[in-house]
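Visitor: Sequence:
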Amino acid sequence: MIQPPAAEGQSPDETLYPELNRNEERFRSVFAHCSDVVYRSIDIEGKGRALLVYIEGLADNEGLEKQVISPLQRDRALTVSDKVDVLTFKDCLAHVLDGKPILLRDGQTAGLALGLTKWEKRGIEEPSAESSVRGPREGFTETLRVNTSQIRRIVKSPKLKIEEMKIGRYTQTKIAVAYVEGLADRTLIDEIKARLGRIRIDGILESGYIEELIEDTPYSPFPQLLSTERPDVVCGNLLEGRAAILVEGTPFALVAPITFFSLLQSPEDYYQRYIISTVIRWLRYSYLLFSLLLPSLYVAVLTFHQEMVPGSLLLSMASSREEVPFPALVEALLMEITFEALREAGVRLPKQVGSAISIVGALVIGQAAVQAGIVSAPMVIIVALTGISSFMTPRYIAGISIRMLRFPMIFLAGSLGLLGIMMGIIALVLHLCSLRSFGVPYLSTLQTPNFGEFKDVLYRAPWWSMKRRPRLTGSYDEYRETAGLKPGPEHGGESG
Numbered sequence: 001m002i003q004p005p006a007a008e009g010q011s012p013d014e015t016l017y018p019e020l021n022r023n024e025e026r027f028r029s030v031f032a033h034c035s036d037v038v039y040r041s042i043d044i045e046g047k048g049r050a051l052l053v054y055i056e057g058l059a060d061n062e063g064l065e066k067q068v069i070s071p072l073q074r075d076r077a078l079t080v081s082d083k084v085d086v087l088t089f090k091d092c093l094a095h096v097l098d099g100k101p102i103l104l105r106d107g108q109t110a111g112l113a114l115g116l117t118k119w120e121k122r123g124i125e126e127p128s129a130e131s132s133v134r135g136p137r138e139g140f141t142e143t144l145r146v147n148t149s150q151i152r153r154i155v156k157s158p159k160l161k162i163e164e165m166k167i168g169r170y171t172q173t174k175i176a177v178a179y180v181e182g183l184a185d186r187t188l189i190d191e192i193k194a195r196l197g198r199i200r201i202d203g204i205l206e207s208g209y210i211e212e213l214i215e216d217t218p219y220s221p222f223p224q225l226l227s228t229e230r231p232d233v234v235c236g237n238l239l240e241g242r243a244a245i246l247v248e249g250t251p252f253a254l255v256a257p258i259t260f261f262s263l264l265q266s267p268e269d270y271y272q273r274y275i276i277s278t279v280i281r282w283l284r285y286s287y288l289l290f291s292l293l294l295p296s297l298y299v300a301v302l303t304f305h306q307e308m309v310p311g312s313l314l315l316s317m318a319s320s321r322e323e324v325p326f327p328a329l330v331e332a333l334l335m336e337i338t339f340e341a342l343r344e345a346g347v348r349l350p351k352q353v354g355s356a357i358s359i360v361g362a363l364v365i366g367q368a369a370v371q372a373g374i375v376s377a378p379m380v381i382i383v384a385l386t387g388i389s390s391f392m393t394p395r396y397i398a399g400i401s402i403r404m405l406r407f408p409m410i411f412l413a414g415s416l417g418l419l420g421i422m423m424g425i426i427a428l429v430l431h432l433c434s435l436r437s438f439g440v441p442y443l444s445t446l447q448t449p450n451f452g453e454f455k456d457v458l459y460r461a462p463w464w465s466m467k468r469r470p471r472l473t474g475s476y477d478e479y480r481e482t483a484g485l486k487p488g489p490e491h492g493g494e495s496g
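Going by the UniProt record's numbering, the first residue of the sequence shown is number 1, and it counts up by one from there.
It should be emphasised that the hints constitute simulated quantities derived from the structure, not laboratory data. Backbone N, C-alpha and C define an ideal beta-carbon position, used for all residues, glycine too. Heads up, some of the hints might be wrong.
Simulated restraints on C-beta separations [to be verified]:
1. 49 - 190: 29 to 37 Å
2. 190 - 308: 48 to 56 Å
3. 14 - 213: 14 to 22 Å
4. 29 - 347: 42 to 50 Å
5. 289 - 36: 22 to 30 Å
6. 286 - 153: 44 to 52 Å
Only pairs whose alpha carbons sit at most 27 Å apart, straight line, appear in this in silico DSS-like list of lysine-lysine [as the list claims (entries may be wrong)]:
7. 66 - 83
8. 118 - 174
9. 156 - 90
10. 66 - 118
11. 83 - 47
12. 66 - 156
13. 174 - 90
14. 174 - 156
15. 47 - 121
16. 83 - 467
17. 66 - 47
18. 159 - 193
19. 90 - 159
20. 83 - 166
21. 166 - 193
22. 161 - 193
23. 467 - 161
24. 174 - 161
25. 118 - 166
26. 174 - 121
27. 121 - 156
28. 166 - 156
29. 467 - 455
30. 90 - 166
31. 156 - 193
32. 166 - 47
Starting from the given sequences, assemble the full structure and let the hints guide the process.
Guide: What follows is the structure, given as structure tokens:
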């Protein structure tokens, strides 16, 4: 943790001077050229002078006037409920930088840190990146304490633990690790805290910094932590024995450990009826394969395996490619790169015009490319279906990983045909098998002999059937206390 700078000839760990003027000089020396630091001198009737030091914009000016300055001028007790004694200059600096005003009095070697912080913050809104038809509409904000309060409001138990630390030499960003005691394995929590404690960096501006610095395999295209801005998703994972990392200044929290299937599960899966959620989940898995393999299969079949295509379809495809000057590999890469560029342009443009430009651009460019004979109509259809398939992935970062891997698969298909695709799939599966998320295998569910683990992977079982929590690391509370027997007729359910 950063050691705040001290005035010349004085260590920051030393106690405060009894002389108020000397303490003020130390503050002014440290905060030289800082126009937002305010020094408010207060004359106490018949009892000397006091000094308030705070940062304008981080302190509650109205509260200072009513609860501190006015009572002091009348020699009355302060009405601030949140106040802490500070004995060293280092502690004074830490509180001031945290937005808490410091009150010093002449003749005393201790000050008061006043809990009168106030700054502009965004209100609670619906998450724009994780919208759902059914479910809570609240999302995290950039304020850490607001985010932890949202979790507390859902998990009303003293076993919910939230441990804080500060990371960043200059930013001193607050990081909170949340978990449910008794559900999360203690070794997991210790490992998370140990990895966070080893971070040495100037500043943390977003949770992506933390994710990149603590994941097991930083060179993998697949994320090993789940990022979400939904409190219900975080609480659902906490109740399954996972831990959450919340960062001041960002609405995105991190969840660890995860598996590959965690990236393919939507929070809405648990709010809809289990039959509907299962069908949608199967559809999601199918389109994930389409997103990864559809262009490469088309290139492989068209280049090496024409005998696999029915005769009438092959004639139709050949006639559409009659004027195309490029091989199928170049044609696929050209269209895929163009589509990805249009998609990224739509994301970066203002919301009012971004979606319209990306859709209109794809239609216009695709139609013009076909008429100019640069690409064939079937290739435009394949790329469009691939793009639609990629939108089925509920996690944006997982969708990007699949989009990245699509290009090497196309190269393998254009070079070796279906053999190249099989080699790519084998290499991908081996890589996924080697990945770990805080010690948990990335494909751990597929490697377990326990069929009960599939109840929330291959399909979404009804809640009364999911009696056990997923097995993660070490010891854990195996049974969900709320998981009862199958509902009977007296409760409107089935008998048996």
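Visitor: Now tell me, hint by hint, if it's right for this structure.
Guide: Okay, the hints, checked on the actual structure:
1. The beta-carbon spacing between residue 49 and residue 190, approximately 49 Å, falls outside the hinted interval of 29 to 37 Å.
2. Between residue 190 and residue 308 the beta carbon distance is about 54 Å. The supplied range of 48 to 56 Å therefore holds.
3. Between residue 14 and residue 213 the C-beta distance comes to about 34 Å, which lies outside the given range of 14 to 22 Å.
4. Residue 29 and residue 347 have their C-beta atoms about 47 Å apart, which keeps the hinted 42 to 50 Å range intact.
5. For residue 289 and residue 36, the Cβ-Cβ distance of about 55 Å falls outside the hinted range of 22 to 30 Å, so the restraint is violated.
6. Between residue 286 and residue 153 the beta carbon distance is about 37 Å. The supplied range of 44 to 52 Å is therefore violated.
7. With a CA separation close to 15 Å, the supplied pair residue 66 and residue 83 stays within the 27 Å bound.
8. For the suggested pair residue 118 and residue 174, the alpha carbons sit about 17 Å apart, so the restraint of at most 27 Å is met.
9. With a CA separation close to 36 Å, the supplied pair residue 156 and residue 90 exceeds the 27 Å bound.
10. Straight-line distance between C-alpha atoms of residue 66 and residue 118 comes to about 15 Å, which keeps the hinted pair within the 27 Å bound.
11. Between residue 83 and residue 47 the CA atoms are separated by roughly 21 Å; this keeps the pair inside 27 Å, and the hint holds.
12. Distance restraint check for residue 66 and residue 156: the Cα-Cα separation of roughly 34 Å exceeds the 27 Å cut-off, and the hinted pair is therefore not satisfied.
13. Restraint check: the Cα-Cα separation between residue 174 and residue 90 comes to about 18 Å, which is no more than 27 Å; the hinted pair holds.
14. Only pairs whose Cα atoms come within 27 Å are accepted, and residue 174 paired with residue 156 is accepted, the gap being roughly 23 Å.
15. Between residue 47 and residue 121, the direct Cα distance comes to roughly 39 Å. Violation of the 27 Å bound is thereby established for this hinted pair.
16. Of the pairs offered as hints, the one joining residue 83 and residue 467 is violated, with about 47 Å between alpha carbons and a cut-off of 27 Å exceeded.
17. Distance restraint check for residue 66 and residue 47: the Cα-Cα separation of roughly 20 Å lies within the 27 Å cut-off, and the hinted pair is therefore satisfied.
18. Under the criterion of a C-alpha separation no larger than 27 Å, the hint pairing residue 159 with residue 193 is consistent with the structure, at around 18 Å.
19. For the proposed pair residue 90 and residue 159, the alpha carbon gap of about 33 Å is over 27 Å, so the pair is violated.
20. Proximity of residue 83 to residue 166 is assessed by CA-CA distance (about 21 Å); at most 27 Å being required, the pair is judged to hold.
21. With a C-alpha separation of about 12 Å, the suggested pair residue 166 and residue 193 falls inside the 27 Å cut-off, and the hint holds.
22. Between residue 161 and residue 193, the direct Cα distance comes to roughly 13 Å. Compliance with the 27 Å bound is thereby established for this hinted pair.
23. A C-alpha spacing of about 24 Å is found between residue 467 and residue 161, which places the hinted pair at or below 27 Å, so the restraint holds.
24. The straight-line distance between the Cα atoms of residue 174 and residue 161 is roughly 16 Å, inside the 27 Å bound, and the hint therefore holds.
25. Between residue 118 and residue 166 the alpha-carbon distance is near 20 Å, which keeps this suggested pair within the 27 Å criterion.
26. A distance of roughly 16 Å separates the Cα atoms of residue 174 and residue 121; the hinted pair therefore holds under the 27 Å criterion.
27. Of the pairs offered as hints, the one joining residue 121 and residue 156 holds, with about 25 Å between alpha carbons and a cut-off of 27 Å not exceeded.
28. Using a Cα cut-off of 27 Å, the hinted pair residue 166 and residue 156 holds, with the two alpha carbons roughly 26 Å apart.
29. The straight-line distance between the Cα atoms of residue 467 and residue 455 is roughly 10 Å, inside the 27 Å bound, and the hint therefore holds.
30. With a CA separation close to 15 Å, the supplied pair residue 90 and residue 166 stays within the 27 Å bound.
31. With a C-alpha separation of about 24 Å, the suggested pair residue 156 and residue 193 falls inside the 27 Å cut-off, and the hint holds.
32. A threshold of 27 Å between alpha carbons decides the hint, and for residue 166 with residue 47 the separation of about 38 Å lies outside it, so the pair is violated.
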